[in-house]
Amino acid sequence: MLCTCSGQQFQLEENEMPQSPESLATRDFSVSGLSSKTGDWDSKFDDSQVDDVESTLKETLSLNYEEARALLGRLEYQRGNCDAALQVFQGIDIRGLRPRMIKAIAERTQHRKNRPKGENLQVNLMSMHSVSLLLEAIFLKSKSLEQLGRHKDAALECKNILDIIESAWPDGMPEGVRGESKLKEMFHKALELLPKLWKQAGFLEEAISAYRRALVRHWSLDLKRWASLQKDLATVLLYGGAEVPLPQQFQQVWGHMTPTSNIEEAILLLLILMRKVAFQEINWDAEIMDHLIYALSLSGQFELLAGHVEQVLPGIYSRGERWYLLALCYSAAGLDDVALNILKKGLGHSERKHKPHLPSLLLGAKLCYKNPYHACEGTNFAMKAIEFTNNQEKHLRGVASHLLGVYYGYCAQSSISDSQRLRLQSESLKSLHHAATIEKDDPEVIYSLGRENAIQRNLNTAVESAIKYLDMVGGSSVSGWKLLALVVSAEQNFKDAEAIVDLAIDETGKVDHLDFLRLKALLQVAQEQPRNAIDTYRILLAMIQAQKELKSWSTSSEGKAVKDLEMEAWVDLSFIYTKLESWNDSYVCLEKAKSVEIFSPKCWHATGMLLEAQSLHVDALVAFSVALSIEPDYVPSMVSIAAVLRMFGGKSLSLARSFLMNALRLEPTNHNAWLNLGYISKAEGSLHQAADCFQAAYELRQSSPVQNFTQTLSNCHI
Amino acid sequence: MSSEVVPSESTTFWQSIQRAQATIHSLSLILGPLPEPLTFSENPTISLLHDANISHDISSRLHHPNSGSGDDNLCRWLYDTFQSTDPGLQLVVLNFLPTIIRVYLSRVVSQKSLAGFEAILLAFYAHETVIRGGEPLTVILPNLTNPSVYHEAKVPTKSKAVDLNIAILSPALEPCGTVRSTKRARIIGVALELYYSKIHDMPLTSKQEFCEFCVDWAGHNRSLEEEKQSNPNSDVSCADQQEEMIQVKGGEEEHKKKGRRIPLPWELFQPILRIVGHCLLGNSNSEELKEVALIAVQCLHLRALHDMNPQAILASRSLLRLAKMPSDTIFKPHLVSDSSDLTASQLASND
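If you read the protein sequences in the order shown, they are chains L and B. If you read the first sequence in our numbering, its first letter stands for residue 1, the second for the next number, and so on. If you read the second sequence in our numbering, its first letter stands for residue 1001, the second for the next number, and so on.
No lab work stands behind these hints: they were computed from the structure.
A few chain L residues that face chain B, going by a derived Cβ cut-off under 8 Å, partial list only: (1) Glu264; (2) Glu287; (3) Lys366; (4) Gly509.
Pairs of lysine-lysine residues, derived as PhoX-like cross-links and limited to a Cα-Cα distance of at most 25 Å, are as follows: (5) L:Lys560 to L:Lys510; (6) L:Lys592 to L:Lys510; (7) L:Lys682 to L:Lys651; (8) L:Lys189 to L:Lys152; (9) B:Lys1112 to L:Lys468; (10) B:Lys1290 to L:Lys196; (11) L:Lys430 to L:Lys394; (12) L:Lys224 to B:Lys1324; (13) L:Lys152 to B:Lys1198; (14) L:Lys196 to B:Lys1324; (15) B:Lys1290 to L:Lys152; (16) L:Lys344 to L:Lys394; (17) B:Lys1198 to L:Lys196; (18) L:Lys159 to L:Lys184; (19) L:Lys345 to L:Lys384; (20) L:Lys468 to L:Lys495.
Positions of the beta carbon are idealized from the N, C-alpha and C atoms, including for glycine.
Whole structure, please, built from the sequences with the hints as guidance.
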């Protein structure tokens, strides 16, 4: 490739740059089989060329030796005799010639612009042609060394070219440099070759600085070659694995917009390249996009990334692919609803002809999962995913079954009829078991099984799953600890549950301690240890206060969780004081709770309980109604209203019953509701029914945890 | 002036040689007599780092069923060597990080004391915390409306500086005295970030082992094989030539003791992926390393798909695609249009 290249250049050059007849360059033409076109060069004469000729002539004698070697070396190289070429090139004293070459390049290019006509160049100034020849010799020497496997020597040789040109043109390639196409070409090739050689030699730092040398100044590289170098530098910076800071001189020049780390520099380069792609200065290159996706994913910049995916012109990605990518970006950026909408598009009517994209289906299924209101939609995604998995994608079928099992569980909780609920619950366990047989190593399936079994009050199985899960993840899951503690508390084994919570506090970080402390306090209340519980709440509230002052939570949702916890702690305390008949303390706690969050059904429910304990039935009813007006489905208040109404007797009984039925529809395992229903049935005279209700209430109470399973236990983490 | 500087430099040099020799001596008390060239080497630290026999010896001792307890001499040696603050000796210890993590994670479930391993991991974590001053690692996202070293702004910038968008690469570090279960992933992740920052100087074998371990950690080697056998053209699976190799590897794996699939939250997945990305696309001349890194990325991608973690899917997916692409797509001008068409059509067919 190189030989044809140089041949062509000679053809071009030859029109502009005549050689002295003695020069060996002419001989080279005959050797290469190219005839000299000496047609009309006389007409293009200008004084610079005269200078060139003049100085060449003046220097012919002294330089012939180097020129000869350069040409001979080129011949050997073209024949593939790298050894011989190297020997020839080694006879040229580059070091000695360097100052003269630099001077020649600098003077000739500068003077061409500024020099008044007729002024003569310095005597003994090398001709541009000689300089080009010598640069080519250095370049070919470096290539020969490369081919002989001596990459480091090759790089050092190649670096000479850059040093010479940079010394001659410290501010980059001057405007209006014409005619030196060969020199330019040699230099550009050297710019590209040098970093490659350093990379091959294993010198990352040198490679990076070679790229930077090529890119920071303007060397009038054509756009594609420039872009290619930028991409290569970005790649080396991204994956090289060594931090090579930008030299001081670059940092000072450009003030604030200087990358401070390699990954930052890589992102800058990739963004510049993406802009070139957008302006169609260079063609679309999938590699740039993938490097950018990688870099921005590592640094968590997904909205920015989504913007770039959206800018990609149609036809590059298929529609399904683009939607999948976008959905991934938005969901990673936390915009789940946007992601879900995009996925629906990708799987919607217009795409019916294609086979659905399995990962999209699964992602859709997962996105619904964070929001129970989307349970139905999630079920559809998961079922479709199962339908389209084949044998090869067995592990993905496991994922889909897992999700489906979780969704059935969700749907069971909101179903209207008992029979439907039972059916969904059994479907849920079935799917989860199926997932567990495919995904033997996946702890999250075991967690979901444990959670579902706990909700269905299959406590033994739930404990087993919870223990197995904690084993599998080496105790690293907060939800796992919560599940185990709650299930053990549901077995009415509060002491062990408290021990588990203590263990969990040892094993988890500070942020998670808050939840566990509340759980511990609740367990202490269940063990009738109000004093201990109050102490625990005191610690909890002190920790919350400390965190609030430090503002140590990072996201707003974390901040809200801490706020909710604070309110709940005060409400819990008010319950304890109510039970101890210490009304004033209870009031104070409620005031505190309301100062944190006044529009919470929990606060108003607790107020109702306090009033009720003081036998202020009507006031209590008002407080409960406020709770229900804030959250119409707030079950504890429904049950409490029913309890108050039951005491009024008479017509209120049927009203109470309807409240209870509603409560049981929402939460079939609420033992208080069953108990009150029993009382009502008894008051109404249907003793048989009452006995059944009491039985249910007793059994449910024997298996109820200190905190509601569904509200406390998060979903698994897939 | 210079006459003062030179002796002090040479004394530090001699000190470091002495320190290295002392370290090697204490290692010989644990491993038994070491080969002479190592003891008398001019640069004992480098020789120690690259000595395959010693590395092998140490690894197999780390794999020993009773290793990693609080009174394990080897762990103590590794800990002390790392605490010596000699950068070269620290590299020697970091070299064994993949093995330590692998053995540690596979035993975390058992009730055995792993204080020896935990002390080393905490030392890495503490070292990194001190280096960063506990601050997060951030990236300032460039805004192209400002000019930079590599480009000129098309529109002249206004006097007001454009808001900088700061991305977090690794969150702030809190001091950790013990390995709490929920912090384990983070501690190991930070240790891996330290390993990544020195990865350029790591011996090839260490990186290679790391990639092999990733395959176990991701836990999808089997599904990868199944998938390949029946559907070599699917989106996830790679070029056909890898197929045979994976089967061979699978056979080898059965001889070795298999590692466990581990939970891979992002705080662990991200540093793992950076290391594997370096092995795959960094400038390594070892084809063997690239091959094993490719398998690791494939398994990690399957795992990401399985966990449905969009961040992990995006990052691993692009690594996988980059590994599959022919190198250099811009430079050859007449090929550009062809190759981009090819990619587009490939994508379409994959989809």
